[in-house]
Amino acid sequence: MNALSFIPLLLALILSPLLFGVINRTKALFAGRRGQPLLQTYYDLWKLLRKGAVYSRTTTWIFRAGPMVGLAAAWVAATLVPLGNFPALIAFPADFLLFAGLLGLMRFFTVVAALDTGSSFEGMGASREVFFSALTEPALFVVLATLARQTGQLSLSTMFEPVSGADWLHGGPVLALVIIALMIVLLAENARIPVDDPNTHLELTMIHEVMVLDHSGPDFAFILYAAALKLWMLGALVLSMVLPSSGGNPWLSLALVSGGMFGLAVVIGVIESVMARLRLLVVPQLLIGAGAVATVALILTLR
Amino acid sequence: MTDLILVLVVLTNLKLLGSSRLGASIRVVAAQGVMLGLLPVLAHVHELSLHFAALAVGTVALKGVVFPWLLFRALREAEVTREVEPYVAYITSILIGLAALAASFWLGGRLPVSTVEPSSLLVPSALFSILAGLFLIVARKRAVNQVLGFLVLENGIYTFGVGIVAETPFLVELGVLLDAFVAVFVMGIAVYHINREFDHIEVDRLDRLKG
Numbered sequence: 000m001n002a003l004s005f006i007p008l009l010l011a012l013i014l015s016p017l018l019f020g021v022i023n024r025t026k027a028l029f030a031g032r033r034g035q036p037l038l039q040t041y042y043d044l045w046k047l048l049r050k051g052a053v054y055s056r057t058t059t060w061i062f063r064a065g066p067m068v069g070l071a072a073a074w075v076a077a078t079l080v081p082l083g084n085f086p087a088l089i090a091f092p093a094d095f096l097l098f099a100g101l102l103g104l105m106r107f108f109t110v111v112a113a114l115d116t117g118s119s120f121e122g123m124g125a126s127r128e129v130f131f132s133a134l135t136e137p138a139l140f141v142v143l144a145t146l147a148r149q150t151g152q153l154s155l156s157t158m159f160e161p162v163s164g165a166d167w168l169h170g171g172p173v174l175a176l177v178i179i180a181l182m183i184v185l186l187a188e189n190a191r192i193p194v195d196d197p198n199t200h201l202e203l204t205m206i207h208e209v210m211v212l213d214h215s216g217p218d219f220a221f222i223l224y225a226a227a228l229k230l231w232m233l234g235a236l237v238l239s240m241v242l243p244s245s246g247g248n249p250w251l252s253l254a255l256v257s258g259g260m261f262g263l264a265v266v267i268g269v270i271e272s273v274m275a276r277l278r279l280l281v282v283p284q285l286l287i288g289a290g291a292v293a294t295v296a297l298i299l300t301l302r
Numbered sequence: 000m001t002d003l004i005l006v007l008v009v010l011t012n013l014k015l016l017g018s019s020r021l022g023a024s025i026r027v028v029a030a031q032g033v034m035l036g037l038l039p040v041l042a043h044v045h046e047l048s049l050h051f052a053a054l055a056v057g058t059v060a061l062k063g064v065v066f067p068w069l070l071f072r073a074l075r076e077a078e079v080t081r082e083v084e085p086y087v088a089y090i091t092s093i094l095i096g097l098a099a100l101a102a103s104f105w106l107g108g109r110l111p112v113s114t115v116e117p118s119s120l121l122v123p124s125a126l127f128s129i130l131a132g133l134f135l136i137v138a139r140k141r142a143v144n145q146v147l148g149f150l151v152l153e154n155g156i157y158t159f160g161v162g163i164v165a166e167t168p169f170l171v172e173l174g175v176l177l178d179a180f181v182a183v184f185v186m187g188i189a190v191y192h193i194n195r196e197f198d199h200i201e202v203d204r205l206d207r208l209k210g
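Top to bottom, those sequences are chains A and B. Counting from 1, position 133 in the first sequence corresponds to residue 132 in numbering that gives the first Met the number 0; the numbering is continuous, with no gaps. Counting from 1, position 52 in the second sequence corresponds to residue 51 in numbering that gives the first Met the number 0; the numbering is continuous, with no gaps.
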């Protein structure tokens, strides 16, 4: 462990809220608006942290624990994620299981806290969230299994090592399939547009937003920040597949990863601008499709 | 490059298994036909001859232009746009397709195909196209979808043939293409007539006909 291994964690902790700003700016550009400031998420977090939280009398400690456990899980997961050329702070064989488990824990507590309010709307959101994640998680695991098989490594840092031109020539189709599947998982897990619209506030259609309606003040800040971290982490995985190796130059890698990350945010913004949200009934087909694409990649590596 | 095309063929097959819109399905099959038409040229790029070029042009023209045109006409006349109640649901179909894909790769690895292949993916993806086509024919009710299943099946056999194209006489390839053309033509007319007689093109109801 050296000083360089702290870079992915530090970048994630500091820069992740900026991703939402970039996405929103891109969407505003497409819509011909000026859009909110790039740092809006930071302002929101600061505003929320200074406020008090309101708790309904029907809720229990589970409701209060939800956001905290979620943020803690996101922090721990962030230590496991490599970023481009930088290996993760902590890496050990099969740490991808812990990573997926922590994301699961985060989701579990968000869902349980939503159910704890007793609101029927939040129950609906929780049900959808669990249903969709039951379809994205197999896709994520098949992607990870494919990479483990392809690289012969069992740790996220070594599985997601930068790819070179030779890798593309050798296993180009597999890499492309994995990137596509991972991108759909990213959009679904972060409640982005083809699956869920982060801007909508109509309870009947939204998934993630509806589960956190009753959280306020610092609790909501925690949820917002944890969501930004989750977007950053899954984005870092996608990015590590795409970015070329920088040949060991730390400054070049730093420029590559930060540029790449915001490039990815722009891509997400473009996807959100040109696509409509899918109907709820069609979403499972998209997610199964992601799983199918990942399975094709796995079968290709297994032969 | 051939690997890329074969992977795309596999993906288009999966897309067909999960798609309910007939128009989109026809376009997917057309794209698949065009890709497969280019396959022999790309696979034998070093020994390019008139034989391959003629085959590629014929395949692309027939599968990429004529078949879609015939099918879209049938679709327009029958006034249907989507398969409503298939025998096997779409998500189940995709899962069955994945199982079929795994089986084809397993089988493809064991088949003693000794000819020089341009790609190790060739035999498995050919087998998968054949299985997917058969599945489409069995699991869908609309006649158009069954024609598409037949085309995918034919594409699979064609893919299989690309590996041994250098040894196959030109006439045999042309004969296969002609067969497929006649089949699609006849089925296009059949779809039109079924539709005119019964106001729908669901084939499963034909078993209730009494003479």
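Check each hint, because a few of them may be wrong.
[Said to hold, decoys possible] FRET-style restraints, in silico, Cβ to Cβ:
#1 B:LEU133 / A:ALA133: 26 to 34 Å
#2 A:GLY103 / B:ALA98: 20 to 28 Å
#3 A:LEU279 / B:ALA98: 24 to 32 Å
Derived by calculation from the structure, the hints in this document are not laboratory data. C-beta atoms are modelled at their ideal positions from N, C-alpha and C, and glycine is treated no differently.
Tested hints:
Between B:LEU133 and A:ALA133 the beta carbon distance is about 31 Å. The supplied range of 26 to 34 Å therefore holds. The supplied range of 20 to 28 Å is met by A:GLY103 and B:ALA98, whose beta-carbon atoms lie about 27 Å from each other. For the pair A:LEU279 and B:ALA98, the supplied restraint of 24 to 32 Å holds, since their beta-carbon distance comes to about 27 Å.
In summary, the structure agrees with every hint in the numbered list given earlier.
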